[in-house]
Amino acid sequence: MAKQYETVIGLEVHVELATRTKIFCGCSTAFGAAPNTHTCPVCTGMPGALPVLNKQVVEYAMAIGLATNCRITRVCKFDRKNYFYPDNPQNYQISQLYLPIARDGYVEIEMGDTKKKVRIHEMHMEEDAGKLVHDEWDDTSLVDYNRSGVPLVEIVSEPDMRSAEEVIAYLEKLRQIIQYLGASDCKLQEGSMRADVNLSVREAGSSRFGTRTEMKNLNSFKAISHAIEGERERQIELLEEGKAVIQETRRWDDNKENSYAMRSKEDAQDYRYFPEPDLVPIVISDEWIQAVKSRQPELRTEKLERYKKEFDIPQYDAEIITESKSMADLFEAAAAICKKPKKVSNWLMVETMRLMKEHGMEPEDLRFSPENLAKLIDLADAGVINSSVAKEVFEKVFAEDVDPKQYVEEHGLKTVHDEGALRTTLEKVIEDNPQAVTDYRNGKEKALGALVGQTMKAMKGKANPGMVNQMLREMLG
Amino acid sequence: MANKISDETIEHVGILAKLELSGEEKEAAKADMERMLDYIDTLNELDTSEVEPMSHVFPVHNVFREDVVTNGDNQEQTLANAPLRKEDSFEVPKTIG
Amino acid sequence: MDLLHLTAAELGRKIKNREVAVTEAVKAALARAKELEPEINSYVTLDEAGALAQAEAVQERIDSGELRGPLAGVPAAIKDNLCMEGQLTTCSSKILSNFRPVFTAEAVKKLQKAGAVILGKTNMDEFAMGSTTETSYYGPTKNPHNLMHVPGGSSGGSCAAVAAQECWYALGSDTGGSIRQPSSFCGLVGLKPTYGTVSRFGLIAYGSSLDQIGPVAKDVSDCAVILEAIASHDAKDSTSVQRKDYDFTSALVCGVKGMKIGIPKDYMGEGLDPEVADAIWKAARVLEEQGAVIEEFDLSLVKYAIPAYYVIASAEASSNLERFDGVKYGYRTAEYDGLHNMYKKTRSEGFGAEVKRRIMLGSFVLSSGYYDAYYLKALRTKALIKQAFDRAFETYDLILGPAAPTTAPELGKSLQDPLKMYLGDIYTISVNLAGLPGMSVPVGRDSKGLPVGMQLIGNSFQEKTLIRAAYTYECATEKQYEVPAEVRIGARIAADRAGDLRGSGGQTGDAGSLASQAKTELPEVQPKSGREA
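Chains U, W and F are the protein sequences, given in the same order. Residues in the first sequence are numbered consecutively from 1, following the working numbering. Residues in the second sequence are numbered consecutively from 478, following the working numbering. Residues in the third sequence are numbered consecutively from 575, following the working numbering.
Quick caveat, the hints were computed from the structure, so don't treat them as lab data. All of these numbers come straight from a predicted model, not from anything done at the bench. Mixed in with the good hints there might be a few duds.
Stated by the list, open to error - Across the chosen pairs, the derived CB separations fall in these ranges: (1) U:Gln247 to W:Asn480: 24 to 34 Å; (2) U:Glu110 to W:Glu488: 45 to 55 Å; (3) F:Lys590 to W:Glu511: 53 to 63 Å; (4) W:Pro536 to F:Ala947: 20 to 30 Å; (5) F:Ala851 to W:Asn521: 26 to 36 Å; (6) U:Ser220 to W:Gly500: 45 to 55 Å.
Claimed, not checked - Some but not every residue of chain U turned toward chain F, in silico, with C-beta under 8 Å: (7) Thr44; (8) Met46; (9) Gly48; (10) Pro51; (11) Asn82; (12) Pro86; (13) Pro277; (14) Pro281; (15) Glu362; (16) Leu366.
Glycine included, every Cβ here is placed at the ideal spot set by N, Cα and C.
Whenever a hint applies, use it, and build me the whole structure from the sequences.
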């Protein structure tokens, strides 16, 4: 390409709030119920039903707004967004257009050494829609309203991002803040955090915005990156060919790695917003804002500092552990049980991170309990199992949250400390490896290592390598 | 000022309202709307520049409920009036996306 | 004993004193309804078995001492836009012709708690959109005072049922006059409370910022008793107001000395039928004789209320009615090709012409490019209208005027000119825009014998002032105009049509045929009229 193009990206992030009940009714938000069980006349749009606002939703929204440096709108209202779709039981969504709860904030992201502010245009509360399941055979769709009415906060950024990396950094930062507030568990894969990407391109150096498209159905950071790359290319190609980019909504297919336009003529795209007459305005006082601020749980920066002081772990370790609240909570809980924070930190930073990377997992996806991690650490410390056995057992704890004590018993993994039994094995090893013995006696330290290795093999790993090493030295003189 | 409603506008409003009008009905709808809008235009005689739009008639605000589960399993009630039901869901023609 | 002519309170007392059994009262009403319904068509659903079962249950609760209130055991009718669990609730529309709600409206629940026996659901203009009850899917209701005339709307069925003595009282709903206007056309006392006084939970919404539920009654005392039973602060309705006073019956006292009553000049001028005007002035003089101070004044902005109302009501209605789409409940078209086709056909087939007209208008005024010019403009006008009333109430305790510019029009004359029909709402509509309480009281008859009603408008939360003034008027005139309808029908027709009415709907007869049959010269059957003084 002769020309250089700049990608301009804005994000609309929807976050499912961690309330017990829905935004406008007392139905449970708990996941996994049979279809249409967590429903009532309000969230299924029955005639005569009326919405009543969940106060916790407002407080979470305020908390997120405050933590992202927004101005809280002191008098805010709800509006109806009218459009027909089966997952929308009233065929209007109660949202906020004219007076959203928070505006004009920002989030700071770090790209290597550079810091950048991504501005937040506005943030508002709204209700989620139900779920549609497509029946391939019958050419029909099935509607489940369990999710209808679950509270959402939508965070709309300014088009401040310029690359997929910046987008990911922004999402990770938002997620960290919101998780720390306890407002949502922000799991992209589960849909408690959803990102729609608004992307346009322009020639480098231009200050005018190009026509942007909106992309939906991005269920992982990988998909988001791919989608951004793909859409950038598609738009550049159009422009290079002298064609115009059409403003439209596109659905990303991560399997096929391309997108296609979603809307048809039947979607008029005129939402006819007007103030929701069934709800009254929300007036937010200084006192209320103060109360929300004071109830704010320990945020990342504070936690980081406290970990350094209280647990005497280095900055680098503390940074990694507090990167995600789930990880931090795991750390603190395990440390409280075994009272060995440095060891816990080590297990998290090395083995846990390794396995997470291998399985492409996020900290929120960790399934093992602090109790079992603590137990494992205690077992290793007491020498009941050696370090390589410990790693092996940990993989089981990581995958299935097994009780390490039980597992070690069942699989006979305890380190053999019986000198007598060990001596017998050692004698055999020495006998079977004359060359190594000779090499060692001639000064080759490495040869000892080989003998230790052979011993460990013979002992099926259940010896204490340090002890084996020591005994060999004794026996070989 | 006579309002003129075009065919496109009636089409568009029909799509927004999900109403299908026959040729005749469209003509009647156009005529009706034009008359209503002409009548509604009398509001332009009023100087409303000094007043805010009033959506709620009384200054009631901050009506909330606590975040406590009060509803149980209402599957049967929810599905009781379903025009077309498949197991535990409402069945509709296939949706895109 | 003739029970049908009693007021609800009078019947309630007789039941309490064990002079009358609840079942007796219910049977009397059912018999009456069966006799008259083929002509009047007040009910969409007459629930004979249900009513009799309720009667037994209520009698037990009375006998055990649990129910002591004034309405215990008194049979009532409920407008068909109020949800009742398990009971057909249709809004007189095809699109809900098979709908049975899974919950009961709060106002109805309160009546049930007070021991009401619900006889059935009454006919209305489809989705409460209309002023004559002629847009009903189940055919028009007739005015019991003259079967060639409409009862008014949209609570025409409720009013006709009370006027024809098919029940002792009813609930209606009022968005632009739908309780007050038909009450005046049928010679009844009807009240629209201050917005937020009665919970809207379970009222199938038309204009959410305007709707209120209220009583349709034979006299002011009944009206106050019913209001007291149904008014409450309901946590399920965010627009429900916590009032300081709910003791409306305490206002049932005679005496308006010193009460300042204003009559808007604009209400009494051009467009008002002279016979109606006469009756209103007469009524004003009665109150003056009782010590009130009557004065004419400039209300201003009167002519802007109607366009503002229709913009706001249609806009809200267009949104409220979007939920009727054949997906979750109600009618779904039989054949369709894809989702949007299903939506369009279901709604086009399920809604009547007036509903579609208002949905189109409402969608238009909210649409992009027109929102500011129409919707916001209407909301600003609404604010000005409220201010005008606020100013008026700085001087006056009450505003008095007609409830409608005419008496009940003839059947079949109103729907061809919707705009003209809308203009008939001129006196009632601004009261909804400002959220004020309004009451209709019978004050005369025209030369055809059709009832005339006056409207009393109070400041917000001033129902007691209305009740006191209306009660005083009643005392002073000895309830002269609160006379049940003399329903004139052909005997032969009544006998032919005495069929099973329970759960029936779907009379799609045209407005003209039944009326013309009624003209047949036959010996007239006159039900007992007049009341014990």
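Run through the hints listed earlier and report the numbers of any the structure violates, in increasing order.
Violated hints (numbers, rising): 14, 15, 16; every other hint is consistent with the structure.
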